[in-house]
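Q: Dock chain to chain to rebuild the complex, using the hints, since each chain is given by itself in its own frame.
From first to last, the protein sequence lines are chains F and B. Each residue of the first sequence is one higher than the last, beginning at 668 in our numbering. Each residue of the second sequence is one higher than the last, beginning at 238 in our numbering.
It should be emphasised that the hints constitute simulated quantities derived from the structure, not laboratory data. Predicted model only: the values in this text are computed from it and were never measured. There may be inaccurate statements among the hints.
Stated by the list, open to error - Cβ pair distances, simulated, as ranges:
| hint | chain 1 | residue 1 | chain 2 | residue 2 | range |
| --- | --- | --- | --- | --- | --- |
| 1 | B | Pro647 | F | Ser837 | 34 to 44 Å |
| 2 | B | Gly366 | F | Leu803 | 49 to 59 Å |
| 3 | F | Ala798 | B | Gly521 | 41 to 51 Å |
Don't be surprised by glycine CBs; every beta carbon is placed ideally from N, CA and C.
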Amino acid sequence: MNSLASPSAAPARAKRHLPAFLSHPSVVVGGFLVLAIVLMAMAAPLLGTVDPTRIDPGMRLKPPSELAWFGTDLFGRDVYSRAVYGARSSILIGLCVATAALLIGVTVGLVTGYFRWVDAIVMRVMDGLMAIPTFLLAIALVSLTRASIGTVVVALTIPEIPRVVRLVRSVVLTVREEPFVEAAISVGTSTPKILVRHILPTTYAPLMVLGTYICASAILIEAGLSFLGTGLPPEIPSWGNMISEGRTFFQVAPRLVFLPSLFLALTVLGINLLGDGLRDTLDPRIAKRM
Amino acid sequence: MLMKTPPVIEVQDLAIPLPGGGDRGFAVDHVSFSVAAGEIVCVVGESGSGKSVTAQSIMGLLPKVFPKPAGRILFEGRDITRAAPAEMRDLRGRGIGMIFQEPMTALNPVQAVGKQIDEVLRTHLRLSGKDRFNRVIAAMKEVNLPDPERMYHAFPHQLSGGQRQRVLIAAALILGPKLLIADEPTTALDVTTQAQILKQIRDLQRERDMGVLFITHDIGVVREIADRVVVMKAGKIVEQGLTDRVLDQPTSDYTRMLIAAVPTLEPKRKDHVVTGEVAIKVDGLAKTYHSGGLFRDRRTVHALQGASLCVRRGETLGIIGESGSGKSTLARCITQLIEPSSGKVTLSGGRDGRAFRQRLQMVFQDPYRSLNPRRTVGQSIIEGPMNFGQSRAQALERARELMQLVGLEPHAVDRFPHQFSGGQRQRISIARALAMEPDILVADEAVSALDVSVQAQVLRLIDDIQKRLDLAILFITHDLRVAAQICDRLIVMHRGEVVEEGTVASVFAAPAHPYTRELLASIPGRAEETVSA
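Isolated chain B, as found in the complex (with noise of 0.2 Å):
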């Protein structure tokens, strides 16, 4: 049924040289495909595979560095390659309409976002200023925005990260466009979030029998709702079909890799039996914030209200949360990053006479900025130890073998930063921490920055490490197929306080708090699998 209405665009042969110095001759490497009315399509690829230029490229919004593309796109049978900028102004908005990343940055910090969304109408229609309100506030109650005629006035900053995308989807729908692109438009949202923005943009769809192309990195997203699939990697299309089909009889590598790279839902420490002494004990750790001053009203903002945990050698205690949760600020006064307002932590265990710093080690989310660019990854790695009295010959000695041991070359020490992917750079921030000998090491979302493939090596090398050094690890995660992978143990966290405790299997199979129910119903692709308890 879906292949016999005519394609809304179709895409033919589109070829886009990458500007020179580039790893490979083409951006997009001569891609054909095409989104029909009334169907979904995933675009699915992981970093630099090409999904996000060929998104620019249909909205002719390709950055000026990259040549003009060649071959065709056709817009109901028009080619639009050969457009002029003023027709594809035109269509833009009422014909094609994109959402993006990151809701903050795609609206304008310093309007109202009823202004935004009456941008669209002013630009492209002549209507009165009463008709052009009415039509915003019809919107902005399409999208399920609470309260619309208040809203209406609010900043960007005073919504939630749900409710700016939403503002976003109102946006681009709201001149009925044949084809909606969304890029990526829950990825830096939380999963609850994501579940209900996913169900928006599924009912919109249906509702006007549009078309959609979707460009997600995640095998979990497309499994939600994709009709079909378009599988790209390095410019190049592996692989399209129904979604069921792709997913589950690949035909390429490739994609079964994807597939398989996907963290699934099983518990797999279940039979994992911690014995080691306690390491790290925590006692109603809080911390409060305080704004305001002179001129102000006070504000007080309760960050963490009274965590407690305490974790065993070898083994991982997962903290699960949302952002705003407290998730991060609970690892920040743990570290000693930050003061905490009140409560202690206590390491133990361990050989004595050792200063904090040196038993507890952190890794950090971000792989491209923890690392100091304009240091080799060498002198990061020594910087701990030579800080505690080790001879500089020692201290990179030791900082070749760890590089061994997380799987780069030793002699990789004099690069810098930027001569590392993503992955490589997490290594070296693993390495880093480890470089101290800590007891407890703290991994601070420490691989959500990362492609699923590469996901599954940096977990896989710290559970090889936790086993080989004996280390406790706190596992900090808003992903909860990631910590299926590595915990042992949960604490679930909504609105800076724990609200759940338990063992992975006991939390997955008989959540007892509503939020944490809440969230195990939001994972993407869900469905597909059953938890076993």
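If we strip away everything but chain F, and leave its shape as in the complex, we get (with noise of 0.2 Å):
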């Protein structure tokens, strides 16, 4: 849409902030974990794993071995490939997540800040997508059509949305009154340019910070809600259905519950650190906010 708009623009600002980002520890620290936990998923084949999905009823329950390096499950499935396997459907989850309620709530804040007659009504409907509980959602999605990551997304996304729009539909509050924004309206610029082209890029940097956030709450989230059985399908390795499956054999085993509950904590803290990191070099301000 504005082919001169970003790429001059864009550069200058990267370079402006770079410094800062990498000196920060939360950054390199955050940062560091989340690459090491998305390369894992992403090579999960390559890290000496077996299918996470076969079952081998002669295989029950068996300390770690060469075979299994951290023993096997109830049904005989290596633990160890479970875990590396369930990174996919955590990190999956929580990007969808995050881009899906960014992208609906920045289009529904940039609306409903820009044109006051319309923040009346999205916003009171906003405030009720706020009062339902997201568990809730999700047990009565899943229980009316089937588990699957697609309705996890859906469950999850539904109630970050409102969210994204408040902070957006904050950020348009304040811009659209700023002189420059007059000026473009002055020369005759188009209402849907004048958002796109000035408005939309002043939320970019407080909507970074916000998405990790949302990023990792879904992860979170995903992991109580396939706890409580009624998240991802059992077939699924998720870190989640791997801690439910594991609780009943705590005592005897309780590696079982360990090795996913360590790689959860991990990405979650990676992820948090992150966003911690880029709320404190991008903006400020945004600190306060939260």
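A: Below you can see the structure in the form of structure tokens.
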């Protein structure tokens, strides 16, 4: 839409932010953790894993050995392989929920922030959405349709949208009064162009930060849903599923719970650290608003 | 007589290094001056001259980015640069009082103003609640705040700008400090209020025989209030001495330039004959705001009540008024940035078939905010022409020409706004407006945010461009000196109404409306000039 806008503007900004980014300890540590987990998820077949869904009744609840590095679970599946593959579903869900919530939230937020008459209506709808408990919505959706990644993504996205809308709206409300927006109006720029060209770029920094938080919370909630048995179907390896299944044998074989919990904790820690670091370097003001 | 009293504050060889990356080594570069009891010393200089940093270092309020200053600051003979934080805290308020530029932000918006004055007493003295209340009321009476008992409980937003500044003065002076530091205390105020506040400071200073360090950029204010003047430029003192001597026989070129840059009240366009056709006609334009709603009382504000005007090509019409007079509302109604409640705007003459937004363009007040910081100035300039179908290459070519026309390098189109100074940015804003090849230019306080020397340059540019392009200009300003430089005719606005209209010379020489007379009388430094009809 604005071929002339972004390319030349973006590098100059990136150059200004890059050193601050890289010197912030949270960004370095968090970024390293996230990168490691993402690489692990992508390279799962190459990391000495076996088929995470293969059931072997003869190998039930075996302790760690050369064949199964972290032992096997109740159905004889390899715990290590399932934990490594589990990263795929967690990261997929985290990314999908964050992307979907940001896309929808930004569109709605831009429109509600700019047009006052839409604002009154849409924000009440958002208030309604915010009142829906994530878990109840997910349980309802899963029991109405069937357990799948898509259902879980939808269930997790809906309650996140109002947070994005509120953030974008608050930025738009302040920016639209800026003289440079009035200047754009007075040279005859159309409203959609003003929204995309002049107002949207001001929301990038806070959105990046909010995006990481949404991603982390989606991963956590997915694990929680799977633990309750209303998340992903049991055959898909996911950390929540593993913790749920391992719970019964916790006293006999704590390793069943230990490995997925460790991965889950590290992932969420990494994403949150990254988000905190981005917030500090990109937009210190947002720290107060969150 | 002034020299005999010992100095209250003596600054000796004060040097404050600028943190890395600045355009010069020192924010304040080995500066020495003093203020004696019973005198007002004005520090005058343009933005970035280091005058505010000097004041902050005297108060011990230097922002943390600055390293520790070198040199000595003697308060009644004692070096306060070495004072402990607790000593400084005691000195502030008791020994030195300070007032600031923006009275709205200097007051806490969620605390009653009386309580804020009271805070000084609570911090420094042990008094009963009743004694404190009485002293606060007495202090408020002293600065002529109306009905102090009631105003004690008012919040800052319920007060006018002048009243807020009075509250700050009351708080600064309640403990009877020996020195008052005033950092541009009247810059954010209207001229009529400014005149009152200046008189107030003058009176209190005489009554209490205190020293005042008054920081300003306005030579007119200096003339009005100062006993002695210190002229600063780029962190250095270029000249200091008695006010009459410095202003009437300046020894440095910089001081001469500063004085010469202050526009005179002599109407420049007395002999300018306007023959152009009518470019814009405004009939009974009004704007009414309604506030409140379902659960609150409905309130109606008449921001603009039936303004009519007409401007010919080649003519500049000045719209004069203070804040809240409706002049900006008028400009925004004319430029269709807001919808007027009634009345109409007709553009006539000029080439037909062009859109409204092509024929009428606007230059905004704040050059720091009217350009999108994320886009190059070239992108900002070509945005308009491209909206109306010009090709990118064509528009960019024209943008380079315009940059040259407004006195900037043509290749600077690839730079971002933050790489330009305020004056340069305002030139860019003008170039952006001209890119649309308008017939009518609306300039809303277009030179108010600029230093006087830059202001003069931008005024010359506007004047020059008007002649070349035969523009009709609506020039909105609160500054009568600026209006005298560039306008052919004036309309004076007060509370949303046009109260006076006429040529600059006739309005200045024989103002008909009392408000116009008050405006004219309030111009700082006016006594030195005579206005000829």
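Q: None of the hints should be skipped; say for each whether it holds.
A: Cross-check of the supplied hints:
1. Pro647/B - Ser837/F: 34 to 44 Å: 40 Å, holds
2. Gly366/B - Leu803/F: 49 to 59 Å: The hint (49 to 59 Å, Cβ to Cβ) holds, given that Gly366/B and Leu803/F are roughly 54 Å apart.
3. Ala798/F - Gly521/B: 41 to 51 Å: Holds, since Ala798/F and Gly521/B (Cβ atoms, about 50 Å apart) stay within the stated range.
Against the hints set out earlier in the document, no violation occurs for any number.
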